[in-house]
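Going down the list, the protein sequences come from chains A and B. All residue numbers for the first sequence refer to this note's numbering, where the first residue is 1 and numbers rise by one. All residue numbers for the second sequence refer to this note's numbering, where the first residue is 1 and numbers rise by one.
A portion of the hints provided could be inaccurate.
Which chain B residues stay away from chain A? Per the calculated CB distances, all over 12 Å, these [claimed, not checked]: (1) Ser-16; (2) Asp-21; (3) Ile-22; (4) Glu-50; (5) Val-54; (6) Lys-125; (7) Val-136; (8) Ala-144; (9) Met-174; (10) Tyr-184; (11) Pro-209; (12) Glu-242; (13) Gln-335; (14) Ile-344; (15) Pro-347.
Covered stretches of chain A, going by a simulated chain B footprint (3 or more residues, C-beta under 8 Å) [stated by the list, open to error]: (16) 13-26; (17) 57-65.
Simulated DEER-style distance windows between Cβ atoms [stated by the list, open to error]: (18) B:Val-312 / A:Asp-78: 31 to 41 Å; (19) A:Phe-54 / B:Asp-282: 16 to 26 Å; (20) A:Asp-57 / B:Gln-335: 29 to 39 Å; (21) A:Ser-40 / B:Gln-335: 15 to 25 Å; (22) B:Glu-245 / A:Pro-59: 37 to 47 Å; (23) B:Asp-313 / A:Asp-78: 34 to 44 Å; (24) A:Asp-31 / B:Ala-127: 31 to 41 Å; (25) A:Pro-59 / B:Arg-310: 18 to 28 Å.
Rather than coming from a laboratory, the hints here were simulated on the basis of the structure. Cβ coordinates follow ideal geometry from the N, Cα and C atoms, glycine included.
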Amino acid sequence: MTKDEIRTAIIQEIGEIAPEVDASGVDDGEDLRDALDLDSMDIFNLIAALHQRFDIDIPDRAATQFLTIGSATAWLADHVQES
Amino acid sequence: MEAGTLVEWLKHPGDSVSHGDIIAVVETDKGAIEVEVFEDGQLDVLLVEEGCKVPVGTPLAEISADGEGMAETLPSASPSSIAPRHAPAPVASEVRHAAAPAVTGLWASPAARQLARQHGIDLAKIAGTGQDGAIVRDDVEAVARSSGASARPPKSAKAAPDLAPMRRAIAAAMAKSKREIPHYYLSHRFSVLPATEWLNAHNSQRPPPERLLFSVLLLKSVALALTEFPEFNGFYRSDAFEPVEEIHVGSAISIRGGGLAAPAIHNTGNLTLAKLMDELRDLVARTRRGEFRSSEISDPTVTVSSLGERGVDVLWPVIYPPQVAIFGFGTVRQQPWAKDGGLIVHPVMTASLAADHRANDGHRGALLLRRVADLLNKPEAL
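Pulled out of the complex, with its shape left as it was, chain B reads as follows:
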């Protein structure tokens, strides 16, 4: 992410603001991001007008506290904040971007916003059919069709690939990661019978909204294990590792139709499983609607990528810079398992860890991965 368009101011000069308030919505290549303030005070001056596209790091407003002026800047976001300074040559669809009408007070998916920009369609004139009246891609397509515009931007004979902005952000982050981070990889295959039996018993006694998903156990196990392995939790910046005391586990969430984002659940290890489930449910829903907060996208201190029920056995994830570790969880399958000198069938999973060798070493990485497996199989203590 190099720049963002200020879509809407939610607070105005003279309003008092406090830590955690959302003061503006910024449209970026990762979707709409809500800008939070981290100070208490009064909003004095807005430095950027609605509809303006500004680079990351641009002061957006001045907030005064105790008589002092402070600037709230457009937050840089991990992983995309490390996008190269030289922007990829803009694709044809972006040239019209600046001329597109500013959109305020509307809820639209990133795909819908992108398509509307491509066609120069004003989102304010579209009735959304998505959740809570959100404008979805289909709505924009319908308008584009009825107005005679082609559903896709015309392609020139040798057009640059029309990479979606999120795709470009992923490309920049992952290329930097593979270029700069000396990854090492570890995997551990283990039975998850105790965890799955506990989860089934837990869920069988509860109504649907109070049940838990297996991925919640994974998040909590990772967060608790990391408390004993601080060299895996933090950021590698300016040739040095900076450990972070808080553990904010990012969850890789796939976006249907392509792309992914890995926003954080703050202080993951301090939450009960029920609370963690609520947070994850909310985060997945908001991420897929293209709606997350600046702190959620910039704060993960470590990331978990889980393949879920229909994946494959093992994944070798790529670290999100400037983080130094990422866990991968393959699909749980019923498999032959040796126990007490015999063969039985158990639910089995392969967990993997990709870590930054500048910040930590494989011996400790192996202990960490085994610790995660041990915690997962004592779910009553999670």
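With the rest of the complex left out, here is chain A:
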């Protein structure tokens, strides 16, 4: 799976969690909580959704990687290919 495909999947999942926001225009390095007003419940839901979608364990200590689209894409690209 390419990084672009992973990035698209993340944006889709954000759209499912918060239908009223548009994540496609957010820069890779921007904190999703600042850019889209997501809160800890939204980030919880995002990690749970990506865990299910990619069938991959996302350890709690990696949760901070899911605060930007860039770092979440990088983390998933590394770990999805390993498994």
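Use these hints to put chain B onto chain A, whose structure you have.
Structure of chain B alone, referenced to chain A:
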């Protein structure tokens, strides 16, 4: 909230209904509310037609049980049920409200419904792109643009501020609160190291969907502490405090784009942390979709407002009438902390309590706030 529009009947004359069934959807200034019944029986007569706007307290239907007729009324909701009798002068966008087509069987966000009303757009003709096909504001805007309508209602030179209905409901409730309730305020700053260490250990052993948020520990701590402080749990009505045995903690949930609602999780203290997390997750999702049940919005006996990860150190919340207490939790930060004669760094939080001095006193309030902190730091017992 003074009135609601009956959007859809979910049960029909002759249907049998039982306690907890949702029989109708009513659109209010707080979003769509599902109307529950609290009796078992048979739905006999519908007294309000779909599309009609009626005042709070209007009987909606007659339900017979054991041969007796009973009326199900449009529930009044806290905090908005205390909106002043004289409605604010309607803004231009509301004048067309009555002429807007009745909408049935559709799922649309409150913002989308409002915008559709402003433009006289029939929601039934819009394909929703939101979750589960829900119609969101963008969908309505797209239709408004393509039909040549302006995206916003025209403003006259000296137009009244176009306050959204939820904004007006908050304004009415908070103004009444500050006008009538003699608030007193207490705060307590404490280390939450035991709670955060326990939470990290708990979450590290579980897959993402089974993890807990810190706010769940706060809700449970408040609910358990209140069992020993009944004068903070209930309603102040008709010049008297009415304690309530059940503890239904309301959670202030912010709506992206403005506004908030504080629906209850029923019997908060009786739920396990895992169950409480499930309930909170569901409640936040539904609240942000503008979809909560009448009992959830009218039942909170106390409220918790938590600033989350990106807030500030302390908040001084305003009580939701007719409740008599509200807790505020500031953002947890790593801060210098004195311990055993030295300075170390701990996660530290400031909790606050605003309470109604007609119903209780500061001495007991201080004990209550300390009790919440103590319970929070023994999370294994929550």
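Legend entry - Hints breached by this structure: 7 and 11
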